[in-house]
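> Sequence:
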Amino acid sequence: MSDAEEEQSSAPSAELTEQQLQECREAFELFDKDGDGTVTTEELATVMRTMGQNPTDAAVEEMIREVDKDGNGSVDFEEFIGLMTSYLQGKDPEAELRESFQVFDKDGNGFISAAELRLVMTNLGEKLTDEDVDEMIIEADLDGDGQINYDEFVRMMTG
Numbered sequence: 001m002s003d004a005e006e007e008q009s010s011a012p013s014a015e016l017t018e019q020q021l022q023e024c025r026e027a028f029e030l031f032d033k034d035g036d037g038t039v040t041t042e043e044l045a046t047v048m049r050t051m052g053q054n055p056t057d058a059a060v061e062e063m064i065r066e067v068d069k070d071g072n073g074s075v076d077f078e079e080f081i082g083l084m085t086s087y088l089q090g091k092d093p094e095a096e097l098r099e100s101f102q103v104f105d106k107d108g109n110g111f112i113s114a115a116e117l118r119l120v121m122t123n124l125g126e127k128l129t130d131e132d133v134d135e136m137i138i139e140a141d142l143d144g145d146g147q148i149n150y151d152e153f154v155r156m157m158t159g
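The opening position of the sequence shown corresponds to residue 1 in UniProt numbering, with each subsequent residue numbered one higher.
Bear in mind the hints are in silico, worked out from the structure with no lab data behind them. Check each hint, because a few of them may be wrong.
[Unchecked claim] Think about it this way: if two alpha-carbon atoms lie no more than 20 Å apart in a straight line, the pair counts; the simulated SDA-like pairs of lysine to any residue are:
#1 Lys127 - Asn149
#2 Lys106 - Val47
#3 Lys106 - Leu128
Let the hints inform the model, and build the full structure from the sequences given.
What follows is the structure, encoded as structure tokens:
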């Protein structure tokens with residue numbers, strides 16, 4: 001087996017489901033703010049802060065360094081997959097959903113309002129119209145109260 005074949009057969013992406021790979025691709029694209037195919041320390045820090053984390057510059061640099069196989073100071077998609085594989089394998093899906101819900105539920109009242117959804121999506125670089133946000137709420141809002149509760153969020157994320 002050649003080095004390239006050996007590297008490919010042990011690629012972290014082989015350990016992820018198709019859905020997980022798709023989610024990783026979407027996450028990578030959110031992190032890669034300038035669309036150049038790599039995530040820099042600045043881009044990683046921006047997204048982490050948007051998600052309620054407050055890492056130090058040194059902590060972000062260390063995260064990049066841990067997965068930056070080619071040593072160029074940024075993370076490409078394959079390196080990102082390596083990071084996400086180890087993260088996803090140690091993650092409890094219920095805890096992950098709860099954490100995600102809390103990112104959107106800014107005021108902690110147990111519901112995601114249209115304003116909260118718009119704020120988080122804007123911070124993540126998504127350019128949505130008010131109509132887009134309203135449509136997202138309508139699709140997820142099964143009880144018709146105009147906001148998304150945790151059960152509705154879980155159904156939306158796992159359905």
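> Keeping to a limit of 20 Å between CA atoms, is the pair of Lys106 and Val47 held or broken?
holds (16 Å)
> Take the C-alpha atoms of Lys106 and Leu128, compute the straight-line distance between them, and say whether it is at most 20 Å.
Judged against 20 Å, a Cα distance of about 18 Å means the pair holds.
> Assess, step by step, whether the Cα of Lys127 is no farther than 20 Å from the Cα of Asn149, and give holds or violated.
The given pair, whose Cα atoms are some 23 Å apart, is violated under the 20 Å limit.
The structure is inconsistent with hint 1 alone, although it conforms to all the rest.
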